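As a plain string of letters, each chain reads:
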Amino acid sequence: MRQAGAYSGLLCGGVSGRTGPHSLPLARIKKIMKNSGEGVKMISGEAPIIFSKACDLFIEELTRRSWIMAIQGKRRTLHKEDLASAVIATDIFDFLITLVSNSDSHAVGGATNVMEVETIDYS
Amino acid sequence: MEDESHNNILPNGFNTGSTESPCLKTSTMTTQHNNNNNHQNHSNKEQDRFLPIANVGRIMKKVIPPNGKISKDAKETVQECVSEFISFVTGEASDKCQREKRKTINGDDVIWAITTLGFEDYVEPLKTYLQKYKEIEGEKLNIPKQLRSEQRLHQHQQNHNNNHDENNNQPFNGAYASSNLISQPPYVPTDQKFSLPFSPNSIQNQLRQQEQIDSVGHWYE
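Residue numbers (our numbering), protein chains in the order written: chain A, 1 to 123; chain B, 1 to 221.
Restricting the straight-line Cα-Cα distance to at most 30 Å, the calculated cross-link-like pairs of lysine-lysine (BS3-like) are:
hint	chain 1	residue 1	chain 2	residue 2
1	A	Lys-41	B	Lys-132
2	B	Lys-96	A	Lys-30
3	A	Lys-34	B	Lys-62
4	A	Lys-31	B	Lys-132
5	B	Lys-75	A	Lys-31
6	B	Lys-61	A	Lys-80
7	B	Lys-75	A	Lys-74
8	A	Lys-30	B	Lys-103
9	B	Lys-127	B	Lys-75
10	A	Lys-34	B	Lys-127
11	A	Lys-34	B	Lys-72
12	B	Lys-72	A	Lys-30
13	B	Lys-61	A	Lys-31
14	A	Lys-30	B	Lys-127
15	B	Lys-134	A	Lys-41
16	B	Lys-134	B	Lys-96
17	B	Lys-72	A	Lys-74
18	B	Lys-132	B	Lys-62
19	A	Lys-80	B	Lys-75
20	A	Lys-41	B	Lys-127
21	B	Lys-127	B	Lys-96
22	B	Lys-69	A	Lys-80
23	A	Lys-31	B	Lys-134
24	B	Lys-72	A	Lys-80
25	B	Lys-72	A	Lys-31
26	A	Lys-30	B	Lys-132
27	B	Lys-132	A	Lys-34
28	A	Lys-41	B	Lys-101
29	A	Lys-41	B	Lys-103
30	A	Lys-80	B	Lys-62
31	A	Lys-34	B	Lys-96
One side only, chain B facing chain A, incomplete, derived with CB under 7 Å:
hint	residue
32	Ser-71
33	Gly-91
34	Ser-94
35	Gly-118
36	Tyr-122
37	Leu-126
To be clear, the hints were calculated from the coordinates, so they are not data collected in a lab. Fair warning: this is a prediction, and the values are worked out from it, not measured in the lab. Cβ coordinates follow ideal geometry from the N, Cα and C atoms, glycine included.
Model the full assembly from the supplied sequences, consistent with the hints where possible.
Laid out in C-alpha cells, this is it:
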C-alpha cells in the first residue's frame with residue numbers, strides 16, 4: 001500500500017534510478033571524501049547518505065544567494081560571477097573564496113586550495 | 001565569531017603538525033609544480049572529482065524561477081564548490097576522529113563537522129532525512145544499540161520536524177503538493193500501523209470524481 005512517489009517527493013524531489021532515493025550518487029561522494037585527505041581512513045555507510053542531503057541543501061543555498069546577485073544585476077541568467085559575489089557576501093562560504101576567484105580552477109586540485117586558505121589564515 | 005576563531009585554531013594546529021607530509025611541502029613550490037604534483041597524486045579522472053553536472057543542474061533549477069536560466073560555467077562552478085564543501089567537512093570530521101583515536105568517519109562526525117563549520121541550519125533537515133531513510137530501508141545500516149534507543153526517544157520530535165519539513169517542501173515542490181497531501185496520514189505514528197486509511201481515501205476520491213462527471217453530464221443534458 002505504500003506509495004513510493006510520495007516519499008521520493010519528500011526526500012529529494014524526484015530522481016533518476018541511478019541514485020536510488022538520493023539526488024546525488026553515493027559512490028561519487030565517497031570517492032570525493034576519500035580524496036579529501038590522508039587522514040581519511042574508513043567511511044561508514046551513513047556518511048555519504050548524510051552528505052547527499054547536505055550537498056543538496058548547500059547547492060540550494062548557494063544557488064539561491066547567487067540568483068539574488070543575478071537579479072540585482074538585472075539579469076535572468078545565472079553566471080559564474082554571481083556565484084563569486086554570493087560566496088564573497090556570505091561568511092559560511094569563506095572556504096570557497098579562493099576557488100571561485102581562480103578562473104582556471106578546474107585545473108587546480110582541492111588540496112592546493114586548502115593550502116592556500118591556510119596560508120591566508122597565517123598572514 | 002569567537003567560536004569560529006576557536007574552531008579555526010584547532011585545524012591549523014593539526015595542520016602544523018602535519019607539515020612533514022609531502023602535500024604540504026609542495027605548497028612552497030611554484031604553481032606549475034603544484035599542478036604536476038596534483039596530477040601525479042590524484043590520477044582520478046576529472047569526472048570523478050566532481051558530482052555529475054546533470055544532478056547539480058537539476059538541484060539548482062529547483063530554487064530559481066521557471067523563467068530563470070543557468071549558464072554552463074555557473075553549473076561547473078557549483079560542481080567545484082560542492083566537492084570543496086565535501087572535502088572541507090570531511091577534513092573536519094576526520095580531524096575529530098583522529099583526536100578521538102577512531103578510524104571510521106560516521107554520520108554523527110559529519111553532522112558535528114557541519115555544525116562546527118557554521119552550517120547549523122542544515123542539521124535538523126539532515127537528521128530528519130536520515131530518520132526517514134532508515135524507516136524506508138528497514139535499518140539496513142549497522143547502528144549501535146545506544147543510537148537506536150536515542151532515536152526512539154526522539155521519535156516524537158522527529159515527527160514534529162517532519163511536519164515542519166513537509167511545510168517547507170511544499171513551496172519548492174509544487175508538482176508534489178498533491179502527493180504530499182495524500183501522504184500526510186503515514187507521518188502520524190499510530191496510523192503507520194494500519195494500511196486501511198489509504199483505501200477509504202482513494203475510494204472517496206474516486207466517488208467524488210464520478211459525482212463530478214455525473215453532475216457535468218447532467219448539466220450538459
